[in-house]
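First to last, the sequence lines map onto chains A and B.
Start counting at 1 in the first sequence, then tack on 446, and there's your number in this note's numbering.
Start counting at 1 in the second sequence, then tack on 446, and there's your number in this note's numbering.
These are computed hints drawn from the structure, not numbers from a lab.
Note that the structure is predicted; figures quoted are calculated from it, not measured.
Mixed in with the good hints, there may be bad ones.
Identical chains blur together in the list; that is why a pair holds if it fits in one copy or across any two.
[As the list claims (entries may be wrong)] Here are the simulated DSS-like pairs of lysine-lysine, each with C-alpha atoms no more than 25 Å apart in a straight line:
id, residue 1, residue 2
1, Lys-778, Lys-640
2, Lys-557, Lys-504
3, Lys-778, Lys-449
4, Lys-504, Lys-655
5, Lys-645, Lys-770
6, Lys-645, Lys-451
7, Lys-523, Lys-770
8, Lys-655, Lys-698
Protein chains: 2
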Amino acid sequence: MDKQKRILLSKRPEGMPERNHFRIEEGPVPSLGENQVLVQTVYVSVDPYMRGRMEDTKSYVPPFKLGEVINGGIVGKVVSSRSTHFSAGDYVTGHLGWQEYNAADENNLRKIDPESAPLTAYLGALGMPGLTAYFGMTRIGSPQEGETVVVSGAAGAVGMIAGQIAKIRGAEVIGIAGTEEKTRYLTDTAGFDKALNYKTEENLHEALKDACPDGVDVYFDNTGGPVSEAVYPLMNDFGRIPQCGAISSYNKSGDDYGPRIHPYIVKSRLRLQGFIVSDYAREFESGARQLGSWLQEGKLVYEETVNEGFDSIPDAFLGLFEGKNLGKQLIKVSEE
Amino acid sequence: MDKQKRILLSKRPEGMPERNHFRIEEGPVPSLGENQVLVQTVYVSVDPYMRGRMEDTKSYVPPFKLGEVINGGIVGKVVSSRSTHFSAGDYVTGHLGWQEYNAADENNLRKIDPESAPLTAYLGALGMPGLTAYFGMTRIGSPQEGETVVVSGAAGAVGMIAGQIAKIRGAEVIGIAGTEEKTRYLTDTAGFDKALNYKTEENLHEALKDACPDGVDVYFDNTGGPVSEAVYPLMNDFGRIPQCGAISSYNKSGDDYGPRIHPYIVKSRLRLQGFIVSDYAREFESGARQLGSWLQEGKLVYEETVNEGFDSIPDAFLGLFEGKNLGKQLIKVSEE
Numbered sequence: 447m448d449k450q451k452r453i454l455l456s457k458r459p460e461g462m463p464e465r466n467h468f469r470i471e472e473g474p475v476p477s478l479g480e481n482q483v484l485v486q487t488v489y490v491s492v493d494p495y496m497r498g499r500m501e502d503t504k505s506y507v508p509p510f511k512l513g514e515v516i517n518g519g520i521v522g523k524v525v526s527s528r529s530t531h532f533s534a535g536d537y538v539t540g541h542l543g544w545q546e547y548n549a550a551d552e553n554n555l556r557k558i559d560p561e562s563a564p565l566t567a568y569l570g571a572l573g574m575p576g577l578t579a580y581f582g583m584t585r586i587g588s589p590q591e592g593e594t595v596v597v598s599g600a601a602g603a604v605g606m607i608a609g610q611i612a613k614i615r616g617a618e619v620i621g622i623a624g625t626e627e628k629t630r631y632l633t634d635t636a637g638f639d640k641a642l643n644y645k646t647e648e649n650l651h652e653a654l655k656d657a658c659p660d661g662v663d664v665y666f667d668n669t670g671g672p673v674s675e676a677v678y679p680l681m682n683d684f685g686r687i688p689q690c691g692a693i694s695s696y697n698k699s700g701d702d703y704g705p706r707i708h709p710y711i712v713k714s715r716l717r718l719q720g721f722i723v724s725d726y727a728r729e730f731e732s733g734a735r736q737l738g739s740w741l742q743e744g745k746l747v748y749e750e751t752v753n754e755g756f757d758s759i760p761d762a763f764l765g766l767f768e769g770k771n772l773g774k775q776l777i778k779v780s781e782e
Numbered sequence: 447m448d449k450q451k452r453i454l455l456s457k458r459p460e461g462m463p464e465r466n467h468f469r470i471e472e473g474p475v476p477s478l479g480e481n482q483v484l485v486q487t488v489y490v491s492v493d494p495y496m497r498g499r500m501e502d503t504k505s506y507v508p509p510f511k512l513g514e515v516i517n518g519g520i521v522g523k524v525v526s527s528r529s530t531h532f533s534a535g536d537y538v539t540g541h542l543g544w545q546e547y548n549a550a551d552e553n554n555l556r557k558i559d560p561e562s563a564p565l566t567a568y569l570g571a572l573g574m575p576g577l578t579a580y581f582g583m584t585r586i587g588s589p590q591e592g593e594t595v596v597v598s599g600a601a602g603a604v605g606m607i608a609g610q611i612a613k614i615r616g617a618e619v620i621g622i623a624g625t626e627e628k629t630r631y632l633t634d635t636a637g638f639d640k641a642l643n644y645k646t647e648e649n650l651h652e653a654l655k656d657a658c659p660d661g662v663d664v665y666f667d668n669t670g671g672p673v674s675e676a677v678y679p680l681m682n683d684f685g686r687i688p689q690c691g692a693i694s695s696y697n698k699s700g701d702d703y704g705p706r707i708h709p710y711i712v713k714s715r716l717r718l719q720g721f722i723v724s725d726y727a728r729e730f731e732s733g734a735r736q737l738g739s740w741l742q743e744g745k746l747v748y749e750e751t752v753n754e755g756f757d758s759i760p761d762a763f764l765g766l767f768e769g770k771n772l773g774k775q776l777i778k779v780s781e782e
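So that you can see chain A by itself, here it is in the shape it has in the complex:
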């Protein structure tokens, strides 16, 4: 066990990232320093926000470095430990490299309990995406009983949780997604009141208008772009728009043009507010506790798309931008 596979950023994309922006190579299994833990990767999370890190621009997380190992959310198993907090056999999650084994500082790991929830949930409903949905919906969207909530990217890891939280709060919830399988999941399994397929609706704006006879009070936006532009004219006065992502713009090289939205913001006194989950880091514990009890009570369900094998990580990541995933996109790298 002295060799392992790892994935590096080999080229920065302009526009849509491709398979050749990643390089899979062999490297040494790292040795442990003091207070470090050797973690074998079990599940790798790929997330849309990582697209931004492939570019060399200032953002809320530093860019990936060219020629270095890519990193992201991982669930793994402790193989050996020079930390008093972790022992071999423990399951952990953390922000680690895309490699089969990581030497991780004990401070960068959190122990997780495979009895209280499936391991994968710690990268999804109980992890970063779940917390993103929770804080974005409760702190910015803040839907009230009887209000109408629209969610774009509704069948993604964040969107499906966000919509269900709005349902728990007593709102009428309409999801927008890109396949029939997704819209069916949203209404039949996740309890959304209605779901629209933006790829097949001839006029998304008119379809939304029919679906939201009382207008829209909260628009939880994961996509930006034309989908959002179909929603803005329907926003009610004092509508809230948690701007969680803008996946439709991430891969545009050069400018991405659309109708200017300032008049809607003024006329309906809208609040568009960007956020990222780490803005709420001090409240992660209480947020995760709330999500956990909703899961246990059966008020919250989630879905995952799990690809198999270390080498499939880049393709799973690229698939996010084609909307291939229903729910959280994960890659299983080794047995639990």
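Given chain A, put chain B in place with the hints provided.
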């Protein structure tokens, strides 16, 4: 005195409004009902938001009706009264018709004191524009000592007050306006730290970057459009954008396209928030008191552009969209 002039909406504009969308005609001086007051118009206020009322679309104020008298902010003198609250000779302000005389309900008028401020101030710094600047800047922009504040439409009635309030709060303030006369006024008289002429800067974004070496924390936006798009990339994390107006879009017929801004909102966790002054109606008195004491202390200055004569009202209104006014645009209709 049984005939008077009045101005009606004769046609709804598509795109830029023109002189022939208004009709000046003669009508009877109205007679008074119980609790009504006959007010002779002294000053008429024309404001960019009125452009929206010329269209037949749902907005925060109902549209003007075709073939009926246009209405807006007016300062006038009481000629006769069937109200116990007002007597001939009182000065009043209210939302009244564009005509030489209005029969106004006593509940729709507010008495004003010509001793404590010039009459015109009640339509500007102490009136709707001043209160708009006050609530937008203090409640949404909320600049802190040492932060950088950019104001678009900075030489307008709202913009020049908004920037000065940010100065009072200890911020570094940069104004954007459209003539040398305006930028000079902002720096030399209104105490702005810097002012840029968006019409003559070759690259407004680069000029702003130089003018704001620490980025932008608050962007008080009156214009939307390309000016705003030069500002967004400079916004600091958690930047606030009170969206006061979008004058650059008001006269576009059909869609008005620009670069999509969702990625900036997410990346820098911006808050764009539309508002209108009446959202703060319950606090008007305290806001006006604060503005009044700043004026008296000399901490706040303002400028007005006063056209003469009832017939010049439509042209003064149209001039707003060509940026003809420095500060509040008023029309003097009769002697004080």
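Of all the hints numbered above, which does this structure not satisfy? Sort the numbers upward.
1, 2, 6 and 7
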